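*Asks:* Okay, here's what each chain looks like letter by letter:
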Amino acid sequence: MKILVCISNVPDTTSKINFTGDNKEFDKNGVQYVINPWDEYALTRAIELKEAKGGSVTVLNVGEADAEPNIRKALAIGADDAIRVNAHPKDAFFVAQQITAIAKEGGYDMILMGKESIDYNGFQVHNMVGEMMGIPSVTPAFKLDMVDDSTARLEREIEGGKEVVEVKLPFVASAQQPMCEPRIPNMRGIMTARTKPLKVVEAAGGEAKSEYVNYSKPEKKSGVKLIDADNAGELIKLLRNEAKVL
Amino acid sequence: MSVLVFVEGLNGEIKKSSLEAASYGSQVAQAMGTSATAVAIGEVHEEALAKLGEQGISKVLYDADDRLKQFVADAYVKVIATAAQQESAKVLVFSNSNIGAAVGSKLAVRLNGSLATNVTELPKIDGGNFTVTRGVFSGKAFADVNLTSDVKIIAVKKNSTDIISNGGSTATVEKLSADLAESDFAAAPKETVMQDTGGGVLLPEAEIVVSGGRGMKGPENWHLIEGLAKELGAATACSKPVSDIGWRPHHEHVGQTGITVSPNLYIAAGISGAIQHLAGVNSSKVIVVINKDPEAPFFKAADYGIVGDALEVLPKLIEAAKALDK
Chain V
1 MKILVCISNV PDTTSKINFT GDNKEFDKNG VQYVINPWDE YALTRAIELK EAKGGSVTVL
61 NVGEADAEPN IRKALAIGAD DAIRVNAHPK DAFFVAQQIT AIAKEGGYDM ILMGKESIDY
121 NGFQVHNMVG EMMGIPSVTP AFKLDMVDDS TARLEREIEG GKEVVEVKLP FVASAQQPMC
181 EPRIPNMRGI MTARTKPLKV VEAAGGEAKS EYVNYSKPEK KSGVKLIDAD NAGELIKLLR
241 NEAKVL
Chain G
1 MSVLVFVEGL NGEIKKSSLE AASYGSQVAQ AMGTSATAVA IGEVHEEALA KLGEQGISKV
61 LYDADDRLKQ FVADAYVKVI ATAAQQESAK VLVFSNSNIG AAVGSKLAVR LNGSLATNVT
121 ELPKIDGGNF TVTRGVFSGK AFADVNLTSD VKIIAVKKNS TDIISNGGST ATVEKLSADL
181 AESDFAAAPK ETVMQDTGGG VLLPEAEIVV SGGRGMKGPE NWHLIEGLAK ELGAATACSK
241 PVSDIGWRPH HEHVGQTGIT VSPNLYIAAG ISGAIQHLAG VNSSKVIVVI NKDPEAPFFK
301 AADYGIVGDA LEVLPKLIEA AKALDK
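Residue numbers (this note's numbering), protein chains in the order written: chain V, 1 to 246; chain G, 1 to 326.
Keep in mind the hints are simulated off the structure, nothing from the lab. Computed from a prediction, not measured in an experiment: that's the story for all the values here. Idealized CB from N, CA, C, for every residue including glycine. Treat the hints loosely; a few may be bogus.
Stated by the list, open to error - In silico DSBU-like cross-links for lysine-lysine, where the CA-CA straight-line distance does not exceed 35 angstroms:
no.: 1; chain 1: V; residue 1: K162; chain 2: G; residue 2: K285
no.: 2; chain 1: G; residue 1: K285; chain 2: V; residue 2: K168
no.: 3; chain 1: V; residue 1: K244; chain 2: G; residue 2: K230
no.: 4; chain 1: V; residue 1: K237; chain 2: G; residue 2: K69
no.: 5; chain 1: V; residue 1: K217; chain 2: G; residue 2: K230
no.: 6; chain 1: G; residue 1: K285; chain 2: V; residue 2: K24
no.: 7; chain 1: G; residue 1: K69; chain 2: V; residue 2: K244
As the list claims (entries may be wrong) - According to the in silico footprint, chain G covers these stretches of chain V (three or more CB under 8 angstroms from chain G):
no.: 8; segment: 46-53
no.: 9; segment: 107-120
no.: 10; segment: 128-136
no.: 11; segment: 205-218
no.: 12; segment: 235-246
Produce the entire structure from the sequences given, and follow the hints as far as they go.
*Replies:* Take a look at the structure:
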C-alpha cells in the first residue's frame with residue numbers, strides 16, 4: 001500500500017502571533033516551526049498501517065526550503081521518503097493543485113493529511129484534492145482501518161455525531177484526534193532520516209484564487225472584574241443585568 | 001446573478017448556524033442589489049423553509065430525495081451546483097460546519113470559484129474587490145482576503161453573524177431535483193450515529209458554554225459542570241488535558257487542536273488558560289474564569305473572574321442560576 005501524507009510547516013502552538021510590514025506579513029521572528037499537529041495524526045496512522053500491512057509512506061510538503069527540518073522530522077518518525085514542492089503555499093486551491101499533480105503521478109492508494117493547518121485553518125485542501133482527483137474525501141476522520149486490501153473503514157465527525165464510511169482505495173482523508181497517539185522520533189529514526197530521499201520539485205503551475213491583503217489581532221479585553229468567592233452568586237446577577245448574556 | 005445559501009437541517013428544523021448563514025447571505029444580496037435564494041437538502045419541514053423569509057431569503061430550492069436524508073458529500077455537491085447554475089449564483093454562502101466547509105471546498109473546484117472558510121464579517125465590496133475577513137492562526141488573528149474569482153464561496157463562522165428577523169415574511173419553496181448518479185453515493189455513510197446530549201445543547205451550536213479543566217480534580221465532579229450548564233441552557237466542554245486523560249470525550253475538547261467556539265458566554269472552571277486553550281475561545285463575547293490561582297493567565301483574557309476553588313464556587317453559581325426567572 002502506497003500512502004501519501006501531506007504536512008504543513010506551521011508556528012508552534014505556543015507561538016505569539018505578530019505581523020510586520022504594516023500588518024501585511026506574518027512576523028516569523030522568534031517563531032518555532034513544527035509539523036502541523038493535525039498532520040501528525042495522519043503521519044503516525046499512515047506509519048502504523050504500513051507496519052501492519054506493508055507498503056510505503058511518502059511525505060509531501062508544499063513550501064519553501066525552511067520547511068526541510070520538519071520534513072526530516074517526519075522521515076525520522078518513520079516515513080520512507082519525502083517530496084517538497086518548492087513554492088510559497090499561496091492558498092488552499094494552489095496547494096491542492098500541487099498535491100493533486102504529485103498524487104496523480106505517484107499512484108498512491110491513500111492520501112492523508114490533517115483536518116486543517118493551525119495557521120490558516122482552511123479545512124479545504126483535502127476536499128479540494130478529492131474533487132480534483134475524482135476520488136472520495138472523508139473528512140474529518142478520527143478512525144481509519146483497513147477492512148480488506150482494497151477497502152478502508154473510517155469514522156468521521158459531523159456536528160453532533162459521527163458517520164461510519166467505507167470507501168474503496170484510492171481515497172483522501174483528513175485526520176484528527178483520537179485517530180492515534182502521534183509519535184516522536186527516536187535516535188535511530190533521526191540517524192536514518194538523514195539518508196532517506198528528499199526530492200525537491202518545482203510547482204506544477206497552478207493559480208491561487210484568493211490573496212491575503214491584511215492581518216489584524218483580536219481586541220484585548222479591558223480588564224477582569226473580580227467577584228468575591230464567598231459571594232459567587234453575584235456573578236450570575238452581573239451576567240444577566242450588566243453583561244446581558246443570560 | 002444571485003446569492004445562494006445552503007441551509008442544513010436537524011430533526012426537520014433549520015440549524016441555528018444556517019439561520020446565521022441565511023442572514024449573512026441576504027445581507028450580501030442586498031449590498032449587491034440582488035436577491036438571496038436558499039437550497040435545502042434532505043429532511044427539513046417545508047414550513048421551516050418558508051420561514052427563511054424572515055432571514056431575507058426570497059426563494060428556497062428543496063431537494064427532498066430520500067437518499068439525501070444523511071449527508072453524502074458528492075450528491076450534496078451536485079444538488080447545490082445544480083441550484084447555483086439555475087440561479088446563476090455568483091456568491092455561495094455556507095455555515096462553516098464540517099458539512100458546509102466540505103461541500104464548499106468541492107464546489108470551489110467544480111465551479112472554479114474562490115473559497116474563504118471561517119469568515120467572521122460581511123464582505124467589503126468595492127468596485128472589483130470583494131474582501132472578506134476570516135479567522136486565522138487558530139483564533140489568534142484575523143486576515144482580510146480578496147476573493148479573486150468570478151464565483152465567491154463563503155463559509156461563515158458560527159455565532160459571528162446576528163440572525164436577522166423580518167417578522168412574517170415568507171419564502172416561496174420550489175422543488176429541486178438534481179440528476180444524481182450511483183457514483184455520487186460511492187462514499188455514502190454506512191451508518192450515522194448521533195450523540196445523546198441528554199436533551200442538552202450541542203457544543204458547536206451553543207450560545208453558552210460551561211467548560212472544565214484539571215481544576216475539577218476528576219470526572220466524578222463533572223455533575224457540577226453539567227448542573228450549571230443545565231440551569232443556563234448551555235453546552236459542556238473541557239480543556240485538552242481533561243480529554244487527553246480521558247475524563248471527558250475528545251469532541252468536548254476546546255482549544256487550538258480541538259474545536260474553536262465563539263459563544264456569547266464562556267464559563268471556564270479550573271482551567272488555567274494556556275495559550276492554546278485561549279486560541280479556541282477568545283472570540284467568545286463574554287468570558288468568565290473561576291480558578292483558585294489568582295495568577296492563572298486566563299484571568300487576563302476574562303471579563304469576569306472568581307478566585308476560588310471551582311468545586312466550591314460552582315454549587316453557589318448553580319444555586320444562583322436556579323433563582324433566576326427564566
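*Asks:* Against this structure, judge whether each hint is valid.
*Replies:* We went through each hint and held it up to the structure:
1. At roughly 29 angstroms between alpha-carbon atoms, V/K162 and G/K285 fall within 35 angstroms of each other, so this suggested pair holds.
2. A threshold of 35 angstroms between alpha carbons decides the hint, and for G/K285 with V/K168 the separation of about 44 angstroms lies outside it, so the pair is violated.
3. Distance check on the hinted pair: V/K244 and G/K230 sit about 19 angstroms apart at the alpha-carbon level, within 35 angstroms; holds.
4. At roughly 43 angstroms between alpha-carbon atoms, V/K237 and G/K69 are farther apart than 35 angstroms, so this suggested pair is violated.
5. Taking the CA atoms of V/K217 and G/K230, the gap is near 34 angstroms; set against the 35 angstroms cutoff, the hint holds.
6. With a CA separation close to 27 angstroms, the supplied pair G/K285 and V/K24 stays within the 35 angstroms bound.
7. Distance restraint check for G/K69 and V/K244: the Cα-Cα separation of roughly 38 angstroms exceeds the 35 angstroms cut-off, and the hinted pair is therefore not satisfied.
8. Coverage of the segment 46-53 of chain V by chain G is violated in this model, with 0 residues showing a Cβ closer than 8 angstroms to a Cβ of that chain against a need of three.
9. A count of 3 residues in the segment 107-120 of chain V with a Cβ less than 8 angstroms from any Cβ of chain G is obtained; the coverage claim is therefore met, three being the minimum.
10. Only residues whose C-beta sits within less than 8 angstroms of a C-beta in chain G count toward coverage, and the segment 128-136 of chain V has 5 of them, enough to reach three; the restraint holds.
11. With 11 residues having a beta carbon nearer than 8 angstroms to a beta carbon of chain G, the segment 205-218 of chain V meets the requirement of three or more and the stated coverage holds.
12. Evaluation of the coverage hint for the segment 235-246 of chain V: fulfilled, as 9 residues show C-beta separations to chain G shorter than 8 angstroms, against a requirement of three.
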